[in-house]
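Visitor: Respectively, the protein sequence lines represent chains F and X. Quick note on numbering: the numbering used here labels position 277 of the first sequence as 277, and the sequence is numbered without any gaps. Quick note on numbering: the numbering used here labels position 2 of the second sequence as 2, and the sequence is numbered without any gaps.
Treat the hints with caution; some may be incorrect.
DSBU-like, lysine-lysine: derived pairs with alpha carbons at most 30 angstroms apart [to be verified]:
hint, chain 1, residue 1, chain 2, residue 2
1, X, K159, X, K144
2, F, K169, X, K159
3, X, K289, F, K12
4, X, K289, F, K168
5, X, K289, F, K197
6, X, K289, F, K171
7, F, K173, X, K159
8, F, K15, F, K169
To list a few chain F residues with every Cβ distance to chain X over 10 angstroms, as calculated [stated by the list, open to error]:
hint, residue
9, L8
10, L122
11, W394
It should be emphasised that the hints constitute simulated quantities derived from the structure, not laboratory data. Heads up, the beta-carbon is just placed ideally off N, CA and C, and yes, glycines get one too.
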Amino acid sequence: MKTHKTILRDLKPKKFGKRDSIWTISLIVIIIIGLIAYIDQLIKGQEVTNMRDYALWGIYISNFVFFVATSFVGTVTVAILRLTKNSWRTPLVRIAEIISVAAIIMAGITIMIDMARPDRLLNLFIHARLQSPITWDVVIIPTYIVISLLLLYFPLIPDFAILKTHFKKKKPKLSKFYGRLALNWTGSKAQKSLQEKSIRIIAIMIIPVGLLLQTIDAWLFSTTYRIGWDSTNFAPYFISGAFVAGVGALVTLIYIIRKAKKLENYITDYHFDKLGKLLALACLIYLYFNINEYVIPLFTAKKGELVHLETLFTGSYSILFWAVTVIGLILPIIVLMFKKGRKPNSMFIIGLIVVIGSWWKRFVIVTPTLLHPFLPIQGVPESWHHYFPSLHEWLITLATLAMAFLIITVCVRYLPVIPIQRTIDEMEASEANNKNTES
Amino acid sequence: MKYLNPRHLVLFILLSVFISPLLSQKLEAQDKKKIKLRIKADYTKVIDHSSFIDLSTIAKINKKNAGIANLNLTIISKTDDDEVELGQATTNHDGKVRFLINDLNKLLKDTLGFYNLRVKFMGDDSFKKASKTLSFKDAHIETKSFTKDSVNYVSATLKDVHSDSVLTKTSLKVNVERLFKSLPIGEQFNYTDENGTILVPIERGIPCIDGKLVIEVILNDSDDYGTVKALVNTTFGKSAVIDNSFENRTLWSPRNKTPIFILIFANLLIFTIWGIIIYLITNLFRINKS
Chain F
1 MKTHKTILRD LKPKKFGKRD SIWTISLIVI IIIGLIAYID QLIKGQEVTN MRDYALWGIY
61 ISNFVFFVAT SFVGTVTVAI LRLTKNSWRT PLVRIAEIIS VAAIIMAGIT IMIDMARPDR
121 LLNLFIHARL QSPITWDVVI IPTYIVISLL LLYFPLIPDF AILKTHFKKK KPKLSKFYGR
181 LALNWTGSKA QKSLQEKSIR IIAIMIIPVG LLLQTIDAWL FSTTYRIGWD STNFAPYFIS
241 GAFVAGVGAL VTLIYIIRKA KKLENYITDY HFDKLGKLLA LACLIYLYFN INEYVIPLFT
301 AKKGELVHLE TLFTGSYSIL FWAVTVIGLI LPIIVLMFKK GRKPNSMFII GLIVVIGSWW
361 KRFVIVTPTL LHPFLPIQGV PESWHHYFPS LHEWLITLAT LAMAFLIITV CVRYLPVIPI
421 QRTIDEMEAS EANNKNTES
Chain X
1 MKYLNPRHLV LFILLSVFIS PLLSQKLEAQ DKKKIKLRIK ADYTKVIDHS SFIDLSTIAK
61 INKKNAGIAN LNLTIISKTD DDEVELGQAT TNHDGKVRFL INDLNKLLKD TLGFYNLRVK
121 FMGDDSFKKA SKTLSFKDAH IETKSFTKDS VNYVSATLKD VHSDSVLTKT SLKVNVERLF
181 KSLPIGEQFN YTDENGTILV PIERGIPCID GKLVIEVILN DSDDYGTVKA LVNTTFGKSA
241 VIDNSFENRT LWSPRNKTPI FILIFANLLI FTIWGIIIYL ITNLFRINKS
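The following block holds chain F by itself, in its conformation from the complex:
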């Protein structure tokens, strides 16, 4: 049986080792390179990208959709598992909350990168049309950022108080920092009641807001009358896709953090098994919507849409399309059906495949459609008929991914990735339960 001391020793934020520092510096270097590319893009304009009249949404929007999708993990694991009283969630929720915060912040930044004139950002608010899904997006993203931050912060307050006391003698500055964040937490009845009530409210509120976020993201596409996007199926298709991307990201990061912070006693095979089942469920639901999205139009599609489908099934995007569908979706389902497939090592590989597949899936959703407008592409240079991101676009996109990782890394460095207070409470409850059973 673990003691309070052991739990605190295991779960408290620890100083970075050499490996962690190299990782952090690498991320900063990637971010700086991306920043230079972005400044160049600002100076020269978006001609440095390969986006043109037709492919006017490129890798930035794919990346934005990916970040939005990944941020859904907060809604799924924290809120849904909490409301359905799945106790195995405890060691996973904090990491899910961190991913959610990092992803939604980066979604907001990525959409600004896609704007040719970010200095006109304020116009989105000043001249907002409430009928436009873009305006809804402008409203929902900051809202989701705030809710995700609150969802991360409220459960952290008791842990901050514990850390404040813990570091009081050894690291007074760090103790002071945690003390400020602890908001004078003493664990009094009134404080506990306020905190629990607030968490309950956020857990309920984040579900409709999360669903709204994914729905609005889908409507950004489906309200523009274009081949491949003109679908009433798009919102649930996006929600299920976000479910996959979010849980995939969670599995991957949990594996890495568990290994880096030696948390094998807290995040066990049991948790991976449960997560594996959740990921399998997510992939199955997403596969169902994929079938709806691509098979039904085969029967009903007009000529223009058939050309688009042919490009995906047998044409220039077929390798990517089948890779994300078979390797990124069907293969994980098959592997996760087996108990061995839900072991940590295989789960990590599956999680990684799912995340990479999810990223490219957004590219497959965004780009081919834009290259198949209703009116044929005429009178433009040959290169405008195709789209592949330029070096600037890759560097900037890699920098945004690095930025998301950096946010996660900083959070992992300074926050307890597994809730300390809750783990102690659960252990005490379990002890009390055992005593009752023995007596």
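Dock chain X against chain F, hints included.
Guide: What follows is chain X alone, placed relative to chain F:
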């Protein structure tokens, strides 16, 4: 060599250095081949409105025909014995300009009743001299609209003003005037009869504003008369139902015409969610204080 002062030599060299580029520039300008310019001129008369000449200048630049902007053209009215300058016109960025003739009586007319105009370009550094001669007679179209046996008609009689005689077997076009391009109606060719007249039935139901239909009768690009156009105001049209849906509150309207249900629903959602967020933030303060 006795007379060659070194100071003079230096001065001479310095002057040569400054003057030689000017000389070479001048020589270059002389050497530069001037481009041939073409002028086009079309005469149009709109009965009871105005007469004008549409002028355009074209030159071949880089193997492509292009209109030349900012060229001064002089318009002269002339006969065998006399000539009068009517005025000048400068081409626009497309190389075109419209020269208005306010009063035909100010133009010189020959014994056959022809007005002979000459459009001249005097040439400049880039373009050679050019000119274009244009001859036309004055024609008149007399129009009438009426209804007979419940059929609406427009009749038009074409006359040569100088000889005061009707013009027979001449094709006139009949159009409905529209904002961008006129809409042809009736037969493709309407030849004037022995009285110089055409009679064109106007079909019912042509949409227009307040039922007011403007019919154009045109003698188009005639060798002798140029283009002559007469406009007839009729009430033969059918009042169009104007689509003013953009003034309604729709999903496609501007922001000040947002549908009420969206205003209510979206604002309700935003204020409810942000209300809860503010409540949660106040809870943080309450935790801090308790």
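Visitor: What hint numbers does the structure not satisfy?
Guide: Hint check: 2 and 7 fail, others pass.
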